[in-house]
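Line by line, the protein sequences give chains A and B. Each step along the first sequence adds one to the number in numbering that gives the first Met the number 0, with nothing skipped, and position 674 is 673. Each step along the second sequence adds one to the number in numbering that gives the first Met the number 0, with nothing skipped, and position 1 is 0.
In short, the hints are calculated from the structure, not lab data. Some hints could be false.
Stretch-level coverage of chain A by chain B, calculated; a stretch enters the list once three of its residues show a Cβ under 8 Å from a Cβ in chain B [said to hold, decoys possible]:
| no. | stretch |
| --- | --- |
| 1 | 89 to 98 |
| 2 | 246 to 258 |
| 3 | 282 to 288 |
| 4 | 293 to 307 |
All figures in this text were calculated on a predicted structure; none of them were measured in a lab. Built from N, CA and C at the ideal position, the CB exists for glycine as well.
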Amino acid sequence: MTKEKPITIALSGNPNSGKSTLFNAVTGARQHIANYPGVTVEKKSGKVVHKGREIMVVDLPGTYSLTAYSLEEIVTRDFLINERPDLVVDILDASNLERNLYLAVQFKEMGIPLIIALNMIDMAESRGIAVDYETLSLLFGAPVVPMVARSKKGITELLDKVIEVASEGQEWMPKLISYGIDIDQGIEKIEDLIIQEGIYDKEYPAKWLALKCLEGDEEVWKYIERSHETSQNVRSVCSKISRHIMRTLEEEPEGIIADHRYGYITGITKKSVGRMIESRLNFSDRIDRVLTNRLIGPIIMMAILYIIYEFTFRAGDAPVAWLESLFDWLKDILSLVLPEGYLHSLIASGIIDGVGGVLSFVPLIMFMFFAIAIMEDSGYMARVAYMLDRVMRWFGLHGNSVIALIVSGGISGGCAVPGVMATRTLRGPKERTATLLVVPFMNCGAKLPVYAMIIAAFFAKHEARMMFIFTLLSWSFALFAAKIIRSTVLRGPKTPFVMELPPYRAPTLKGTLIHAWERTWQYIKKAGTVILGVSVVLWAMMTFPGPDQSETAFYQGKREGINASFLSLPEAGKVLGDEQELMELNTLVDEYGLAVKSGIKDVEDLKGRPFFPVVRSIFDIRDGTDRVAGTGYSRFASSYINYRKRLAILEGEEKAAALRGTIAGRIGRSLEVLSRGIGLDYRTNIALIGGIAAKEVIVSTLGTAYSLGETGLGESRSLPERLRHDPNWNPLVAFTMVLFTMLYVPCFITVISIWRESSWMWAGFSMAFNLIVAYLIAFIVYQAGSLLGLGL
Amino acid sequence: MKKIIKMREMSVNQRGVIRKITTTGEMGRRMREMGLVSGTDIIIQGRAPLRDPVAVKARDYTITLRNNEADHILVEVDDSE
Chain A
0 MTKEKPITIA LSGNPNSGKS TLFNAVTGAR QHIANYPGVT VEKKSGKVVH KGREIMVVDL
60 PGTYSLTAYS LEEIVTRDFL INERPDLVVD ILDASNLERN LYLAVQFKEM GIPLIIALNM
120 IDMAESRGIA VDYETLSLLF GAPVVPMVAR SKKGITELLD KVIEVASEGQ EWMPKLISYG
180 IDIDQGIEKI EDLIIQEGIY DKEYPAKWLA LKCLEGDEEV WKYIERSHET SQNVRSVCSK
240 ISRHIMRTLE EEPEGIIADH RYGYITGITK KSVGRMIESR LNFSDRIDRV LTNRLIGPII
300 MMAILYIIYE FTFRAGDAPV AWLESLFDWL KDILSLVLPE GYLHSLIASG IIDGVGGVLS
360 FVPLIMFMFF AIAIMEDSGY MARVAYMLDR VMRWFGLHGN SVIALIVSGG ISGGCAVPGV
420 MATRTLRGPK ERTATLLVVP FMNCGAKLPV YAMIIAAFFA KHEARMMFIF TLLSWSFALF
480 AAKIIRSTVL RGPKTPFVME LPPYRAPTLK GTLIHAWERT WQYIKKAGTV ILGVSVVLWA
540 MMTFPGPDQS ETAFYQGKRE GINASFLSLP EAGKVLGDEQ ELMELNTLVD EYGLAVKSGI
600 KDVEDLKGRP FFPVVRSIFD IRDGTDRVAG TGYSRFASSY INYRKRLAIL EGEEKAAALR
660 GTIAGRIGRS LEVLSRGIGL DYRTNIALIG GIAAKEVIVS TLGTAYSLGE TGLGESRSLP
720 ERLRHDPNWN PLVAFTMVLF TMLYVPCFIT VISIWRESSW MWAGFSMAFN LIVAYLIAFI
780 VYQAGSLLGL GL
Chain B
0 MKKIIKMREM SVNQRGVIRK ITTTGEMGRR MREMGLVSGT DIIIQGRAPL RDPVAVKARD
60 YTITLRNNEA DHILVEVDDS E
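Input sequences plus hints: build the corresponding full structure.
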């Protein structure tokens, strides 16, 4: 067989016509996702080999029309004109033939070779709609392939047809229908004017350009204006026709053209579509009677959102814990192979903590996206937008903004990165930017550990209630901030809501998984690349400059003092001879601890070492399983544990002192002037600076700043306990801290996403705006609370 | 008796035929591409919990639009209903 040129086909169709299902069914999992140049519309492509021919499939964005009003439509048109695919496969929902054909007619007008994939014929049949495919094909003038993409019926036939049509090598042939005598004549005149003028690209069919001029298509007008003279002439023809039509029919040419398209379609469907039963309330409508009911609808919506929240956290808990222990395990291995020092610290605290902290959330985020994908693919998300549009509109947003807010953490535990990307479903640029800017206020998964720690410290009795309050607060802040933004910097009209409520459909597992995975991957990719660099920078800021010699010597002296005083105890003297032996014991305790905890080392291997029985009884005492009560070591063991605690406290103090002297510590301290106003000290400032990289870092940094040391026998004291006893902290400070964490600068990855989705100006605005809002709110709450005496 | 009213004034479950779209620009275009053109049979399917937007059944599928958008659609309805 000769190697033939691969065929390129473009897949187009209305939203909800099953386009993605067909694309997935044809190309399988081998897909390539990119953006169309310069815009944030996704471009998916994939390859399939059928009967020895390579077919390249490009998935165009779902669109209802080929006007130039939305990005999706412009992208579709530009792709067809510039890339010249061999043909377009227009996928139609068989039970929605009339509106779906509206797009097909416009492909005919452009003239590109066309195949109609008539999808979901099973659904149409069950609704009593019978399509006569041959008559439809004959009347419409394009091959029609009936299919059910979900169950892969008709895919082979479709690919056969693709090869057949592509082999004919048809030229583009714009086929206009009749739009009434006035417009038809106008098109002829304009076409002549365009052909006469030599400067226009032959890629654009002149007839089509003429039609688009009459439709008032801005993109085409820009193109026509390349020749001043022709554009003047075309304009005079257009305005003449427009005046005449307005006088006689009281309608713009654009409206008349649309009416004729529908007239043409109705003519075809009358002859090719039979209805066996009268259109009545179908299954979907009956579900809507309940799910969008004025009274029950909102209650069910809340219940569904709550179930998703429960599902995500229950299902995500275990894998998150596994990943966390995996990263702990990595650190344990590291401490065996690398000596303490800067390299060890860089890898353990910089890279593993930073990247691991972000990656640990992947399961949670994946489950959340899985649930959201089910909501979207089933058609329920459109109902949520429909029910909440009135509320969103009051705040200057759009019904569809709800989706972005939910993805970002509206039900706690989302992520603002995919949330920012979910704003792509918004058509109006102002509503979109406003949504983009308030999305970081939601309670994403990374903020939750901060809340959990603070609740454990100060509001332990009211855990669920506090979480609920924080959720309500984040929604209120996001919505009111949107209102402010939309009535100041982004003032402007509301975009039309006119949209389709797609029929309910059971989502396919494959489709849902692909959908959820795509978003999760966006998170991993961004997190994996950006966060690595940021973690290293942050680590350096929190490590350098290191402690000076006098400080190191001071702590060394203290450590020696603790050692000496332990050795001077009578029970210690019986077991240990000198400091040398004490060090040996300490090492063995650490190794034994690692062996018991992670199993990296075998306990058996340690058995031959001196002091092994002592170590065993130390751990038995710690765990309260005193098997060796009679061995005489129990008294020694208790004192030893005490000794290690003192060492750990000292180590914590040393680390905290070192952190205080670093770049981050200095910044934190100089910011204390401001942060005092909201009750926060420099330690919290350092943690919050770390949180700019990723909010996951806040709790662990707070731990270091508050001198938490580890003994090898367990932690010295928990962070909540430490904060509860700190004179700087009280419930009011804790509450203010939560508010500040909720609202202040979005994490680095989110800022970058905002930048990519809008501009660096908006990304900068977002950082400044959020910081100011956070400070103001925290200031008011803290000051008012202090006046009322709540801070005691 | 037939009469022409705005779509906003229709009640749930009321039927009618679109007679005119009185808006141009993006809103008009959106309506047309969604299949709301004169001559289309419609039935009001429901209203959102806050009575806005409204869900309309046309050509076998459901379209939602806000009340202030429905103001631009003139519908011929049966007076006796």
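Status of each hint after checking the structure:
Taking a C-beta to C-beta cut-off of 8 Å, the stretch 89 to 98 of chain A contributes 4 residues in contact with chain B, enough for the three needed, and the coverage statement holds. Evaluation of the coverage hint for the stretch 246 to 258 of chain A: fulfilled, as 5 residues show C-beta separations to chain B shorter than 8 Å, against a requirement of three. Given as covered by chain B, the stretch 282 to 288 of chain A passes the check, having 4 residues with a CB less than 8 Å from a CB of that chain where 3 are the minimum. Here the stretch 293 to 307 of chain A counts 4 residues with a CB under 8 Å from a CB of chain B, which clears the bar of 3, and the coverage holds.
Violated hints: none; the structure is consistent with every hint.
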